[in-house]
Amino acid sequence: MEVVRKKINNIETFLVKTTKFKTITVQIVFANQFTQENASSRALLARVLGNSSKKYNTKKKIVEKSCDLYNTEVSVGYTRYYRTSLIAFTLDVVNEKNLVDAGNLTKKAIDFLLDTIFNPNIINNAFSLKEFNEEKRLLKESMQKVYNNKSRFAFRRLMEEMCKDEIIGVHSTGTIADLDKVTPEHLLKEYQKMIAQDEISIYVVGDIEEKKIMKHFQAFRQLQNQPLHLEVVNFEPFEIKKIKEIKEIQKIKQAKLVMGYRLDMNSLDSLYPALLVFNSMFGGLFSSNLFKVVREEYGLAYDISSHDIANNKLFIVTAGIDGDKYPQTIEIIQKELQKYIDGEIDHDLLVVAKESLLNELQETEDSPDNFIAHLQNNYFTKVEKSISEEIDEITNVTIDDIKQVAMRIKLDTIYFLSDR
Amino acid sequence: MEHKLYPQVNEEVYTHTIDNGLQIQIVPKFNFFKTFVYLGVNFGSLTNRFIPIGKQELIEVPLGIAHFLEHKLFANADGTDASNLLAELGLEANAYTDYNQTVYLFNGAKNIEQGIKILLDFVQNPYFTEKNVASEKNIIIQELKMYLDIPSDRLHNGLMKNLFEAYPIRYDIGGTIKEVRKITKENLEICYQTFYHPANMKLIIVGNVDSQNIIQTIVEHQKQKIYPLFSPIRREIKLENQVAYRKNGSYHMDVTTASLAVGIKISGQQFNRNQAIIEEILLKIALAAAIGPSTLYYQKLLDQELIANHLHYAVYFDGYCGYIKVYADSHNPKALRRSLVRRLQSLHNLILSEKVFERFKKAVLGSFIKSLNNLDFLTSLIIEYDLKNCDILESISLLEKLQITDLDSVLKYFRKEAISSYLILPSEKKWLKIDKRM
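So the sequence lines, in the order shown, correspond to chains B and L. Adding 1013 to a residue's 1-based position in the first sequence gives its number in our numbering. Adding 41 to a residue's 1-based position in the second sequence gives its number in our numbering.
Bound-form chain B, shown alone:
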C-alpha cells in the first residue's frame, strides 16, 4: 500500500489511501519518556480522556454519540516500549461510501476524535472529580485482576524478580501505591505536558482524499511540539551472577512455569530476523521443539511456548504442567535449547518456520491496525524497512544464524507458581 508522508510543523503524518477496507482508521499518537514516576499517571490519563470530555461528559453521552455515528469508536490506548510511553487516540469509522444517507460522517467522526484530544473534562483547574475517581477505581481493578489470570500473574512475578531494579521490571501501569497518589490536579498537569511536549505522529488508513483529510487536522498547526529523544529498544548490558529459582504456591489445578532468559542482542541487531525464526522453531509452531517434545512426546503440557521480547533483551518460555513435573520439564527444555547451541538444527523445521513468519508478514497490509503498527515501528526505531525487505531478511536466515542466536540466550530466573 502506498504511503504519502506529510508534515504539520514537526508532526509526521502518514496517509495510506486504499479501497481495501470499509472503514477509515485515524490514529494520533502522543509519545514521551516512560518512567516509574509517570507510569500510573499516563495510564490513568489515557483512561480519563477516553471516557469523558467537556462536551460528552458521561458514558451515556459518549456511547449515544458513538451509536449515532454508526458505531464509530474513539478509543484511547496506553502502551509502553522500553523507555517510551505512548498514548494513542484511535478512530474507527465506517466509510460513508458504504452507507446511504450518512451525512458527512467522516467529518463528524474526526470532530469526535479531536474533541477527545483537545477538549478534556476540566473543571476549576482539575479533571472533573466524579469521572476521575471512577476511572481511577476501574484502573485499579484492572491492575488487581492480573492475579486471577494465573499465566499472566506468573509472568508478572518473573519480571518483578528477574528485573527488580531495572526499567523493564517496572510494570507499564506502575504500582497501585503510585496510582493512589495521583490527584485530579496532578493529572491535569500531565495532560498539559502531553499536549505541549509529547512527540506527535498521525496515521490514516482508508479510502480517503488527501486534501480533505489534511484539512481536518488544522488544530495541530498551532502545536509547536519538538521531536524528543525516545528509546524504544534496550541496549543495556546485563550480568547473571546466579540463576534464581522462585517457587510460590496457590490453590490452583495446574502449575505455571515461566523461564526467563536474557538475550545478548535486541530487535535492532542484524540477527533479529534469525531470532524470530529461532523462536518459531524452538517454541512457536506446532512442529517446534517444545511442542513436539514436552507436549507430544512426554505429554507434560497442553500449553507450552516460547516468546521473544527482543526490544527488552528477553526471551521467555512458559508452560502449564502438573506441580510434580517441574524438574523433568526444566531438564527437557534446557536440553532442547542445548541442541541449538551444539548446532543440532533441523533444516526442514527451519524452512517451515520461515514460511510461517512470511505468512504472518503477509497479514501486515490486510488490516489497518497491523499496517499502522508497521509504520509506527519504523518511525520510532528510526529504521525504514519495507515489508518486502523484512520478507527478504527472513528468507536469508541461515542455520548458522540460528546457532548464533541460541548462543546469545542465557537463563537468568525461573519462576514456578505451583499447586503443591
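To be clear, the hints were calculated from the coordinates, so they are not data collected in a lab. Just so it is clear, the structure is predicted and the values come from calculations on it, not from any experiment. Even for Gly, the Cβ is constructed at its ideal location relative to N, Cα and C. Keep in mind that a hint or two might mislead.
What the hints assert, rightly or not - Now the in silico label distances, taken between C-beta atoms and shown as ranges:
1. L:Leu189 to B:Gly1182: 42 to 52 Å
2. B:Asp1382 to L:Ile445: 29 to 39 Å
3. L:His351 to B:Asp1382: 18 to 28 Å
4. L:Ser450 to B:Asp1337: 47 to 57 Å
5. L:Gln283 to B:Ile1180: 50 to 60 Å
6. B:Arg1234 to L:Ser408: 27 to 37 Å
7. B:Lys1110 to L:Tyr357: 47 to 57 Å
8. L:Ser408 to B:Gln1046: 36 to 46 Å
9. B:Gln1347 to L:Lys45: 53 to 63 Å
Assemble chain L onto chain B, guided by the hints.
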C-alpha cells in the same frame, strides 16, 4: 455453481454442492493478500446420544469426543502431521470445537488449492491407534485442567449447570476429566464414521481466489472418495422446559474479585430462514437499551461500585436451546445479582422510543460493516450462522426491515422462572462486604 450478489455490502458469494454432499461457499476478496479456509463438520460437544451410521439402536458415548477427534485428526498414518504439511506450504493451520460443530482451518497467501487438498485429506483419513489415543488423553486432560483455573470458564459452566438440567451445554466443550478417561478408540471410530460424511460438512473460503478453479479442484479431488448414501443423522436431544433448573450456585477460587453471571434460559427455538440473526439483533438492542453503557442503569452500577469494570452480555441459540447471559466482576456480587435479576425481569415490559431504537439499529449496522474488514472473523461468522439456517451477509437488509414492534418477540424471554445465576467467589473473604440494598 451458483452466484449471489450482496450490493449493499459490495460482496458476492459462489456456492456449489458436490456429488458426495460437501457444500462449498466462496467469497472472493481480490485486494487482500490472505485467504481463509474453514471446513466445518456438523458435530459438536452437544451431541453424545445418536444412532450410528448403518445401525438402528441409539447409543451414548462419553462427553468430549468431538473435541478429542479434533485433536486426533491432524496425525496421519504415515507419521506426518497435517499442520506441519500445511506449514511447509506457508499455510497456518488450526482447529476448534464448539457446541455445534468442529472446524478445521488454515490461512495463507499462496498454495491455497494444495492446502485445500491436504485439509480434505487429513480430515477424511482418520488414524487412531490405542497408543495415540492414550497419549492424546494426557494432553487433553492438561488442557481441561488449564480451563479449571480460568474464572470465566468456571463461571460460564456453572451457570449452564444451573440453567439446564440435562442438555449437554451444561458441560465444558472438552468434556470432563472423568469422561475423557473413558473414551476408547472404538468410540472415536463410531463417531467419525457417522458424522464425518461430506454431506455433513461445509467448506467456506474467503479471500484472494478464483472461485471456478477452486471448485474444479475440489470436485476432481473428491471424485475418488466414495461414501455411502447419506441419510440425516438421528440425534437424541434432551429437550428442556422453560424453567431454570437451579436458582443459584457458587464456587470458590483463588481470585481477588468475585464474578457473577446471570442467565435466562430459552428453550424450544426452531429456526426459520434468518430467524436466528433477527432474534439476536433484537435481543442485543433490548439489552443495550436496558443495561448497556448508554443507560442510566449502567451508570448507577458504576456509581454504587457494583461492577468492577464492565458489564458484558452474550446471546446464544442453536435451534433447541439458548441463553442470554449477563456477567461482570464485582466486590459486591450478591447486591449486583439482586439488581440485575430485578432489572432483567422488568425487560418483559421494556418500552423504547423510536429514536433510541433507530440509534441502536445504526450501531448494529456500523458494527456489521466493520466486521467485513476482518476476513478471518467473517469466515467464522459465515460458518456459524450457516449452521443456524442464516445468511450472515443478508444482515443489512434484515436489519433495515426491523420495526420497534418486533422487539415483543424477544421481550417475552425475560421471565422470572427462567432466570438463574452463578458466582465465583474468592477463597478467603478478602473482598469488601458492603451489602447495601438498592
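Checked hints:
For L:Leu189 and B:Gly1182, the Cβ-Cβ distance of about 31 Å falls outside the hinted range of 42 to 52 Å, so the restraint is violated. At about 36 Å, the CB distance of B:Asp1382 to L:Ile445 agrees with the hint of 29 to 39 Å. Between L:His351 and B:Asp1382 the CB atoms are about 21 Å apart, so this pair conforms to the stated range of 18 to 28 Å. Take L:Ser450 and B:Asp1337: their Cβ atoms lie about 55 Å apart, and the range 47 to 57 Å holds.
About 59 Å separates the C-beta atoms of L:Gln283 and B:Ile1180, a value consistent with the hinted range of 50 to 60 Å. As the Cβ distance of B:Arg1234 to L:Ser408 is approximately 34 Å, the hint placing it in 27 to 37 Å holds. The beta-carbon spacing between B:Lys1110 and L:Tyr357, approximately 34 Å, falls outside the hinted interval of 47 to 57 Å. In this structure, L:Ser408 and B:Gln1046 meet the distance hint of 36 to 46 Å, their C-beta atoms being roughly 37 Å apart.
For B:Gln1347 paired with L:Lys45, a C-beta distance near 57 Å keeps the hint of 53 to 63 Å intact.
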